[in-house]
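Chain by chain, the residues run as shown.
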Amino acid sequence: MVNDGDYVAIFNSVHRVMKAEKHLKEQKLQILLIPAPRALSSDCGLAIRYGAGDREQVEGVLRTAGLAPEEIYLKSGDRYLRVDSEF
Amino acid sequence: MHEIDCRNIPCPGPVIRAKKAIEGAGGERVRIILDAGAPRENVTRFATSRGYRVEEEQLADGYALTIAAGAVQMPAVPRSPASGSAVVLVASDRLGNGPDDLGKLLMKNFLISLLEVAEPPEKMFFLNSGVLLTVNGAETLEALVKLADAGVEIMSCGVCLDFFSVRNELAVGSVTNMLAIAESMLQGNAVIRL
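These protein sequence lines map, in sequence, to chains A and B. For the first sequence, position 4 matches number 4 in our numbering, and the numbering has no gaps at all. For the second sequence, position 14 matches number 14 in our numbering, and the numbering has no gaps at all.
No lab work stands behind these hints: they were computed from the structure. Quantities reported herein were computed from a predicted structural model and do not represent experimental measurements. Treat the hints with care, as some may be off.
Unchecked claim - Covered stretches of chain B (chain A as the covering partner; in silico rule of three or more C-beta atoms under 8 Å from a C-beta of chain A): (1) 28-39; (2) 103-112.
What the hints assert, rightly or not - Below, in silico cross-link-like pairs of lysine to aspartate or glutamate (DMTMM-like), each with a Cα-Cα straight-line distance of 20 Å or less: (3) A:Lys28 - B:Glu142; (4) A:Lys22 - B:Glu139; (5) A:Lys19 - B:Glu183; (6) A:Lys75 - B:Glu142; (7) A:Lys75 - B:Glu116; (8) B:Lys19 - B:Glu139; (9) A:Lys25 - B:Asp35; (10) B:Lys146 - A:Asp6.
Built from N, CA and C at the ideal position, the CB exists for glycine as well.
With the sequences and hints as input, model every part of the structure.
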């Protein structure tokens with residue numbers, strides 16, 4: 001479900017990730033709440049997937065809402081690269 | 001030895017009759033005459049899933065299965081279907097009882113996770129509000145299209161699509177009816193109801 005070039009934001013609580021999904025959907029952003037990829041297991045096992053084109057908006061909305069993710073990864077080939085939010 | 005002829009009986013009749021005959025035989029061998037194709041395969045699968053020994057003989061017109069129920073029957077064998085033969089019944093757009101938003105999240109997670117299991121189900125039936133998962137705009141569509149591409153048969157209940165007025169919005173798999181759903185459930189495969 002995570003394609004090359006996609007971003008995956010990992011959250012540490014199911015309540016936070018559901019709130020984040022709600023905020024992002026209200027902004028009509030193309031995101032998908034997915035099970036955290038096995039390689040990136042987190043406590044609640046949930047993550048939000050988005051494309052590079054939406055990155056600035058997604059991460060901006062989350063920061064403004066006080067819902068910054070625990071970690072963000074970029075899928076690159078078969079690997080996940082940890083990245084820092086620049087927004 | 002009891003003998004029953006189940007030729008020219010539509011599915012799932014042969015399996016039902018075979019089951020009754022075996023269970024009523026008091027451990028004696030039962031000879032069941034079947035048409036080739038689905039009846040033969042379904043009865044064989046049913047019998048082996050129960051741990052019965054099956055001897056097969058090809059006839060001029062069909063097959064004769066001699067099934068020994070008594071000695072080799074294993075106690076209530078947990079169904080361990082042949083690889084990929086499970087049937088999943090998705091009877092709701094939510095997984096489990098609880099808050100709607102959590103149920104929808106869990107259903108989506110379940111369907112996405114099916115992409116990673118070693119043996120995906122053979123068939124998935126969507127009925128009642130489950131059909132809302134197979135139509136345009138559903139967040140589950142991407143995962144279901146991938147499952148369909150991987151060979152999983154995705155089928156949605158036509159009555160249900162009509163009820164929700166979304167028949168024209170069906171975006172993955174095909175439309176099916178209750179007879180096909182009932183038959184698949186009775187074929188002896190593991191049925192997993194969500």
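Status of each hint after checking the structure:
1. For a cut-off of 8 Å, the count of residues in the stretch 28-39 of chain B with a CB near a CB of chain A stands at 0, and the three-residue condition is violated.
2. Coverage of a stretch by a chain is defined here by at least three residues with a beta carbon nearer than 8 Å to that chain's beta carbons; for the stretch 103-112 of chain B and chain A the count is 4, and the condition holds.
3. For a cut-off of 20 Å, the pair hint linking lysine 28 (chain A) to glutamate 142 (chain B) stands: about 18 Å separates their Cα positions.
4. Proximity of lysine 22 (chain A) to glutamate 139 (chain B) is assessed by CA-CA distance (about 14 Å); at most 20 Å being required, the pair is judged to hold.
5. Among the hinted pairs, lysine 19 (chain A) with glutamate 183 (chain B) is inconsistent with the structure: their alpha-carbon atoms are about 42 Å apart, more than 20 Å.
6. A threshold of 20 Å between alpha carbons decides the hint, and for lysine 75 (chain A) with glutamate 142 (chain B) the separation of about 18 Å falls inside it, so the pair holds.
7. As the CA atoms of lysine 75 (chain A) and glutamate 116 (chain B) are separated by approximately 17 Å, the hinted pair is consistent with the 20 Å bound.
8. For the suggested pair lysine 19 (chain B) and glutamate 139 (chain B), the alpha carbons sit about 41 Å apart, so the restraint of at most 20 Å is broken.
9. Our distance criterion of 20 Å between C-alpha atoms is broken by lysine 25 (chain A) and aspartate 35 (chain B), whose separation comes to about 55 Å.
10. A threshold of 20 Å between alpha carbons decides the hint, and for lysine 146 (chain B) with aspartate 6 (chain A) the separation of about 17 Å falls inside it, so the pair holds.
Hint compliance for this structure: hints 1, 5, 8, 9 are not met, and every other hint is.
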